[in-house]
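Novice: Chains as they are written, first to last, in the working numbering: chain A, 1 to 389; chain B, 1 to 299; chain C, 1 to 235.
Hints are computed from structural coordinates only; laboratory data are not their basis. Careful: at least some of the hints might be erroneous.
If you want the footprint, here are the derived chain B segments under chain A, 3+ residues with CB under 8 Å [as the list claims (entries may be wrong)]:
# : stretch
1 : 88-98
2 : 102-109
3 : 123-131
4 : 235-247
5 : 277-291
Virtual Cβ for every residue (Gly too), placed ideally from N, Cα, C.
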Amino acid sequence: MSATKPHTSTEVVDVKGSSGSHSRIGEIASRLASKLSGSRQRHPVLHRLLLTVLVVCLGLVLTGLVSGVTNLDLATGVAMSVAILGLSFLTGFSGQVSLGNGAFFGVGAYVFAIWGNHQSSSIGEDLLVCTAAGAVAGLIVGLPATRLRGPYLAGMTIAVAIAFGSLIDEFSSWTNGDQGLNVQSPVTPPAWLASFIGEPTSSLRATFMWRADITIVVAGITFFLMANLFRSRKGRAMRLMRENEVAAELVGVSLPGARVSAFVVSAALAGLGGGLTTLVSTAVYGSTFTLGLSIEMLTLLVIGGIGTLSGSLIAGLLYAYSITWISSLVSGLGLTSSSNLGSQMNNIIFGAVLIITVLVAPLGIAGTTQFVISRRLARRRTERLDKAG
Amino acid sequence: MDAFLTSRNASDVLHGLVNGMVFGLVALGLVLIWRATRVLNFALGAMATAAAYLGLGLLSYGVGFWWCFLLCIPAGMAIGALTERFLVRPLYGKPEINPIVAMVGLLILIEAVVGSIWGTRQRSVIPPFSYVDWHLGSNPVALSPLAVFQIGCAVVMALAVGALFRFTNLGLQLRAAALAPEVSRLLGVRVSRMLTLGWALATGVAAVACVIVSSGFISGLTPSGMEGPFAAGFIAAAVGGLESPVGALVGGVSLGILEAFVTDYWSPNLVLPVSLLVLVVVLVVRPNGLFGHQRVRRV
Amino acid sequence: MIRVAGLSVSYGAVRALRDVSFDVPTGQVTAVIGSNGAGKTTLLRTISGLVRPAAGSIDFDGLELVGLRTEAIARRGIGHVPEGRGVIEEFTVLDNLRLGSLHGRGKLAAGLETQFELFPILASRRKQHAGTLSGGERQMLAMARALIAEPSVLLLDEPSVGLAPIVTRDVMTTIRELCVDRRLTVVLVEQDAMSALQVADRAVVLHVGEVVADAAAEVVRADENLRHYYLGVAT
């Protein structure tokens, strides 16, 4: 509230009067905010749970309102955000930069399909198995990777990403190589859901709504669990590793153990994301899981915000929607998609956004927002203390 | 002697030598940049490609091959210098993921921009050398005037860079700025200028590598043409340890020759897995590469 | 002459130097002494431009040093032998010296001759890598490297560290001779206060970033309180 220069006495009265009513609303609002933050500090897990349930419910409502195609994109984005959440944890907390998590994503995708095709199992079982498969893959990679730093770690993860492609070809009896693998019994919506939206169970809208709903609920559970891990004492101690390994060791973090666990967790989440993606699309194609996918995951994460939860969600949605948005931009500019500029526009924008993000807002969208908010809160707190004192 | 030179193994070595020199130059560029600024330049291949397009693009305007070729070098140096000055320098002291992502972004951006300006169709680059293999009697030796030109260019570049570092005052300052930047400043060395110069040199060298890769009758210039050589150069540099320019060159040449043998005796598809396997094995045994050393950790 | 006025330096929340002011007379040895953490090294680094002060000025014969880049300050004739000597281990003795002479006054050949005369041991080791030298030899190399540029000012940060007392005495004597012979202005930061005071003309005592004494060396040497409280020397 800056001081205004009064011209006449009447104006002074007016200013005082209006600021008076403003301040009453402001008082109520700030009292509410402080009560909320107070209870949030006392019962953090409960708050997180309520917030998660709220967001999940909103998501479920949304799926009921939109078309089948939109639900397909939404589910794809949410599934990817689960995978990217793992990468967010790996990079933001243990400081390990991985250019190979696309391979773990692929492991989960294939295992979900293969397990489901060869066993008569429930969706839950399939999801658990693909998560576990991802975790095992993460262990295999994480163990040798723990001694590597910087570019050497990057090199090994790149090798993993590329090697995965060769593995797909090598085990083509299982994976069907480039032709891809189909889920033999795709997930279909239950009768009650179909009648709820007034459509037959075979309709596209019902099918994808159901799949999106599953994805959102599973993602909600995952985000909730990870949120608790992020804020836990163990999580915060791990975060030290990113900035200063020696300090982390002093605090008691076992460096190799923590680094491997981070890999396992991130690979498990990537595997889960892959499984969910297969659930939604009912097919797995080997050509999806290239080094490019791993790079895309990391770079989307940077834009969203490393080490954050909401940033992972943003990254996942960007993955699903950026191509659509950019192609509408291209046609909006009057370029054809086959022209030189038009066909490259996707990458031009992507590359430019990446560079700008790193230079200007390296914390990403979510990270920068959190930073700005916490700075403003801290400033307001000191202002309040000054006023009180 | 004749039998040896025309033998299968000798052919493989000679074939692998050309590729190997390209990999070696890329690896050299990566090592120069790493030693100067501790950044792994994922975009080096793309930057080299852009320089090659700028230089060789003049071919279509009737400029002679040699002029175009020579122009690629200052074009590359300019690109390298500008990148260091405006993209990398702001990121010094920040977490290491930032320059990695910035370079990946630059890679994507440059390839896309080049593609949008010049198109993605392969452009032929025909140097004034025959690609026909020489013959000893009636048997071909896997060497043609073109191959000699390619190998020669690479050798000249490597020697030039080596001589610069070894025998000139500028080279002394470049090395000092990379090894001990603070002490160098205290001795009057303009360290930030040296770092920029390091990037310029590395990109100029890589630009030559790109020209070599693209010249010939089967190959040509494409926006993503340096991706393969970059991967091989990276593997060679990482195996060598990112600290040794000589190691990078030797590693690159060795990798090229290894690839030639793998292609001949097994299959071209196994080239990448074999190279990656070599990388993984080396890193597991020596986490800092064969000749690398770990910097002391300070709180 | 170097005039330091009102210098304040902070590392984040920590105040390393508070309002430090003193003069360094030309052609004399000024010792800067005090216990660990007193800010002595920070002071030298600020003069050399490696650290930017929050406030204050450093005047060198009319030239304001604060705000200049380190390289520029070095080229103006202010040599600095840093803490730990900073010899480049991967370079030979010769290359280290070559580097030192690049941006100084005088020619390399003449400079090498002078330094080898001053430090004959360096001559015999000229082709060796600096990493193979002993502590005392490295000290000599670091000083020769700074001197070959023919500076008018020499900043020395704890030259006695890791050296045996005999070697320290030699180093200090050499410093004194250099100062007298070449009219070199020397700022000598030392943990070993008594050795420094033996060869100094003036002494500045720092304690927790503040100047607690600024006087002729004999005065500081004789002051028992100073020695006891700030220099950790038993009375």
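Novice: It remains to establish, for every hint, whether it holds in the given structure.
Specialist: Each hint tested on the structure:
no.: 1; hint: 88-98; verdict: holds (count 7)
no.: 2; hint: 102-109; verdict: holds (count 7)
no.: 3; hint: 123-131; verdict: violated (count 0)
no.: 4; hint: 235-247; verdict: holds (count 3)
no.: 5; hint: 277-291; verdict: holds (count 7)
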